[in-house]
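Enquirer: These are the residues of each chain, in order.
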Amino acid sequence: MASEMEVPAELSSMFERHLRYRDLSLLLPFILGFTSNNTTEQRDPDQEAPQTTGSNERIILINPFTQGMVVIEGAASLESLLRDMGNKNGQPPASKASIEAMPKVEIGEDNKDGECAVCLEEWELGGAVKEMPCKHRFHGGCVEKWLKIHGNCPVCRYKMPVDEEELGKNIDEGEGEGERRVEREIWVSFAFNGSRRNGDSNENPSSDSSTED
Amino acid sequence: MIDFARVQKELQECSRDVEASGIKVAPKSDNLGRLTGTIPGPVGTPYEGGTFQIDITLPDGYPFEPPKMQFATKVWHPNISSQSGAICLDILKDQWSPALTLKTALLSVQALLSTPEPGDPQDAVVAQQYLRDYQTFVGTARYWTETFAKTSSLGVEEKVQKLVEMGFPEALARSALESVGGDENLALEKLCSG
Ligand SMILES: [Zn+2]
Ligand SMILES: [Zn+2]
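Which chain is which? The protein sequence lines are A and B, in order.
Sequential numbering of the first sequence, starting at 1, is according to the UniProt record's numbering.
Sequential numbering of the second sequence, starting at 1, is according to the UniProt record's numbering.
Pulled out of the complex, with its shape left as it was, chain A reads as follows:
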């Protein structure tokens, strides 16, 4: 059934990048197929997907270990999906506003002890550093570079506000993320030997793919 679908080349390289994350590689050992547009009529549509999005894309993932298959409907793109999953544990970037809102603190005689935990340089008298809401201090350049990758304090992992706009609607804060994924996923049990049987199309929140460590 995979023959009719082709995986675009740029997807596989993107996929490899994400394979560094072991949990993801276990979760998605293969992209079996990636289809876009007018896919709705091809497969048995009896899944009760609560929302069918307009630009429908379907990503089919197959896991040879569990012999399970995941069909993801309505993902905006594979990239956003993978980013979404990659963010499952890693903290998304901090919002621009929250980065800009960090106060500047002057290093004087009274607070000159200590160092920047990012570059390990000691504070310089007369220099200015940025203070996060958790009160941990870093060089502005050092901490801003980090917060644009992961929006948490390097020392205590205090979570900075996330930029909703940039993340799009795929990621809500906290548990909403998991709920959304369940909405988009249809877990299909799959027998390798023999023809495909349409498995249970219930959205199973406990399917491998939506659990976290």
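Don't read these hints as lab results, they were simulated from the structure.
Ideal Cβ placement from N, Cα and C applies to all residues, glycine included.
There are no misleading hints in this set.
Label-pair ranges, simulated between beta-carbon atoms:
1. A:LYS145 - B:GLY155: 46 to 54 Å
2. B:ASP17 - A:CYS156: 18 to 26 Å
3. A:ARG157 - B:GLY155: 43 to 51 Å
4. A:CYS156 - B:VAL18: 23 to 31 Å
5. B:LYS9 - A:ALA128: 17 to 25 Å
6. A:ARG157 - B:SER175: 42 to 50 Å
7. B:THR136 - A:CYS156: 36 to 44 Å
Keeping the supplied structure of chain A fixed, place chain B with the ligands upon it in accordance with the hints.
Expert: Here is chain B with the ligands on its own, set in the frame of chain A:
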């Protein structure tokens, strides 16, 4: 792009308390991007007495990206690939923080040796053995420590040879050694009692 000034600081800091921590980090060459870490096997574990080497590669984005670490010494552990030495540890992946250092990362790897998490395995075979037959797991892990992580002790082949000379069949001697983690006295005991 790697922050080499920081790496230099890390190396200095690490060598300062190598006595206390037992953790060593040394560059493989002049290039600070590739290093070798050394950790002692934690006391009270099947890895005790072993010295484990870890290949470290620093990505361009270090310290904003985690260092790549991989066991160069073969080790039998649910969260470490028995084939490749790949390590399953969250701080080396999405839980990395630039406030961590090579030393603290190696300390975490050492802690992982003490507290396997078979529920989140890197090596499914090892994890299964850990869960289903813990005693055999301990035996195998100890045997691997003995075989691969100890340079000074007698080699396994020599131990097998010794037991063969005592009159035990080679296959039996080998399996007895393996089941007790390479301790020749325990193996002898086992062979005599069995
Ligand atoms: Zn700094
Ligand atoms: Zn903090």
